[in-house]
Amino acid sequence: MMNSLTSIWAEARSNPLLLVLWLAVAALAAYVFVNGGYLMAVLQFACIYVVFVAGLNLFMGFTGQVSFGHNAFAAISGYTSAVLTATYGWDPVPAAVLGIGGALACALIVGYPVLRLRGHYLAMATLAIGLIAYEVAVQWDSVTQGYMGISGIAPLGVGRWTITSDRGILIFLIVVALLSLLMVRGIRRSRLGRSFVAVAGSEDAARALGIDVARTKLLAFLISAGYAAVAGSLFVHAVGFVSPEVFGLHMVVLAFTMLYVGGIGTIVGPVFGAVIVALLPETFRGFKEYQDLAYGAALVLILIYTPRGLVSLPDLWRRRKAAQKTDVQQTSARQGGAA
Amino acid sequence: MSLLRLDHVSRRFGGLVATDDVSLEIPGQGISAVIGPNGAGKTTLFNVISGFLAPSAGKVIFDGQDITGRPPEAIARLGLVRTFQLVQLFDDLTVLENVKVGFHMQTQGGLLSALLPGLASRHEEQMVEERARDLLRQTGLADQAGTMAAVLPYGKKRLLEITRALAAKPKLLLLDEPAAGLNKQETEALAALLRGIAAAGTAILLIEHDMSLVMSVTDQIAVLDFGRLIARGTPDEVRANKDVIAAYLGTQSEAAHA
Amino acid sequence: MLDLVAQSILSGIGVGCIYGLIGIGFCVIYNASGIVNFAQGAFVMMGGMVTYTAFARYGLPLPLAAALAIVLVAFAGVVLERLVVRPLWNRGSTMFVMILATLAAQIVIERLALLAAGDQPRTLPVFTDRPPLRILGLAVNFQFLWIVACSLLVIVLLALFFSSTKTGKAMRACSINRDAAALQGIPVSRMLALAFALSAALGAFAGILITPTQYTAFNVGVPFAISGFIAAIVGGFGRPLGAFTGGILLGVAQALAIVFLGSAFKNVAALSILLLFLFVRPTGLLGPAK
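Residue numbers (this note's numbering), protein chains in the order written: chain A, 733 to 1071; chain B, 303 to 560; chain C, 1114 to 1403.
Any given hint might turn out to be false.
Simulated restraints, written as ranges between beta carbons of each label pair [claimed, not checked]:
1. C:Lys-1282 x B:Asp-393: 37 to 43 Å
2. B:Gln-408 x C:Leu-1369: 55 to 61 Å
3. B:Gly-371 x A:Gly-834: 37 to 43 Å
4. C:Thr-1280 x A:Arg-947: 44 to 50 Å
5. A:Val-752 x C:Leu-1369: 58 to 64 Å
6. B:Gly-341 x C:Leu-1225: 51 to 57 Å
7. B:Gly-316 x C:Pro-1174: 54 to 60 Å
8. B:Asp-545 x C:Lys-1282: 43 to 49 Å
Since the hints were derived computationally from the structure, they do not count as laboratory data.
Bear in mind that the values here come from a model prediction, so they are computed numbers and not experimental data.
Note that beta-carbon positions come from the ideal geometry of N, C-alpha and C, so glycine has one too.
Please build the complete structure, drawing on both the sequences and the hints.
Written out as structure tokens, the structure is:
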């Protein structure tokens, strides 16, 4: 643990923008912790989304796949947590464990056929899965109470020991978010993580080196579904309420915006993406209908102008210079070859 | 004793016969090559051998096992590792990491060791790191270990792909036009590297357009034309074969280029 | 019961024509560019909303309002192409980024519509206000006839456009091989804008036809787009006629699902059909495109 913290520090020093962002996030967290207020909810929300986006990043950024439907896994675990605690009086921990297990089981069942698809077929199939989850949440009202939603969900905690204060919840969520990032980092630097990025780079070359591509994709899908499920359960226990809208298409668009703001395929991008995007609607407070408009417009602008996100900006600059250099070398190499 | 044996292998695409009843034996040591004019079916043959295409007829035997129609990853696990005509690197990994992926088959670590790096996999990771750096030194890429693969100059990309394949410890290394796009110096360095690999005991089978490379490094050559095997033998024998000359005369500009 | 089923099939065919038109809209853009435009539903929504505004708010006669809406939405299609698709296209963005950007554009358009027109559902009067015809014991209303007739007319016109006009042939050439088309002097990038205009006009037309029997609101776009996409998949992506057939099949299947399963799960039924096709037969009923 200490070891990875010091190496994070070393990384941060090598990228000044990263350092500034980390300091800003830490300062914000400290300010909120001391002063409380409405930013408390914003930061809690951001932490939950860090988990969700970090998982999505693993599947999309590292493994190069597409999913518009990870909200389904958040919905499965979130609703399981909600129904079991609010309706049947379970403790939050077994409820959440069962919910996450259920989400993983569903991911395993749909994962196999879905991951054989590519391109817009993959995009559409995953979108359909997310929409089916939403429709079921709306229509199966004997269990989910439809649009009304479920309230009175048990707070985070074990037995009599629960976290109910805003500050307590915030600290717990920050710890979970940091842990989930450290796990992503561990994966990225392992044999498994390398095989993820290898599959994204060239499936043929990966297979030629003995990597089982189908299995690798499925594993990435399952891990990211697990992250989504954890985020889903965290959300309902932290907020105490759930409705279909919480896990609707809105969640997917929001997560993508965060992923692209922070930088897809980077390890820490999800943190900055989630915090910045969560703060964004605060700028439009009181104009709720502008929120999605702002997310959508921001996403389009980011895709057009900084496709690799905020964290990659200095990197992009370095790369561009490096690429110019190699271009020159390549041209001369080719001329040499022709001569 | 041959390491790889093709038994009457054919591959059709609709009405087109890209590989036509080819029987061939590749020995377990030294450097062999498949040559032929453009469109002679060399790459199709490679794809059939490495499992990327199933043959329409015939059998492929590698190291005593029938590998016909097996998936590429299963064939790779038996020790038959290939590179690609258009270089296929993992662009978002560094040079070092690319080579580390080459060790995939010799290592075990899964999700658990990724999450608990202090335990089982630490030793394995260190081993992979050391051996990957060793390989990079051998192929002269050590200075670029931390560079992203995407920004390497072209010649080094080719070299990295071969280094990565070597990491997989192949018994037979299949190289698809390794000299394509290389300049004269780079080609000479490549020839030396290939001789070194063969001398260290890894058999090589290559497809190549560059005749100077083929003639200078290979022990045995097979010639394809319109999907059929028209000649085989040592470089000198092939050079003197009139079927080969006729086949290449048909595409004189290419022969001249080579 | 049998009557109910027959009546449902009939209404399914009507809605299915609409899905088919939207599906054709997907195909037109896909064939010209390889892009799947996830903002397709926004055109359908705008078609209904603009017509309603021109008709109910500004008192234009319905045909004029509809024509105005089609033109304006076609223009919106070009704007979308210029502002969102073109910059990404020029940079050679991945298919996924393109899907995401058009989906985001869909949401932006939806929210703008909400701000401009509010969240109230709107409807249009039926085109011919007469009691339904009775044919073989089935009630056939005039809007159904309008939908079927207009859809068939549009398909014939489209077929003529692609087979006999210079522009239509050029667009087809682009769909076969863009590079070759460019070498022949066909302005490929103008074709992309044209494809968006055409596709938007088709979507708007579909939206105007369906609004009198249902309603339109700022958020009807996504469901319509998904139905249109399913129609296109069922028909084998990129085949306009296949998409239309697929649309009718989907409409009927959905109508039957309502009869037998209740209306609550009609969207789940449609989405399940989509998944089934993607898993089992991603090339569609009629085989692969091209």
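Verification of the supplied hints:
| no. | hint | in the structure |
| --- | --- | --- |
| 1 | C:Lys-1282 x B:Asp-393: 37 to 43 Å | holds (39 Å) |
| 2 | B:Gln-408 x C:Leu-1369: 55 to 61 Å | holds (57 Å) |
| 3 | B:Gly-371 x A:Gly-834: 37 to 43 Å | holds (38 Å) |
| 4 | C:Thr-1280 x A:Arg-947: 44 to 50 Å | holds (49 Å) |
| 5 | A:Val-752 x C:Leu-1369: 58 to 64 Å | holds (60 Å) |
| 6 | B:Gly-341 x C:Leu-1225: 51 to 57 Å | holds (55 Å) |
| 7 | B:Gly-316 x C:Pro-1174: 54 to 60 Å | holds (57 Å) |
| 8 | B:Asp-545 x C:Lys-1282: 43 to 49 Å | holds (48 Å) |
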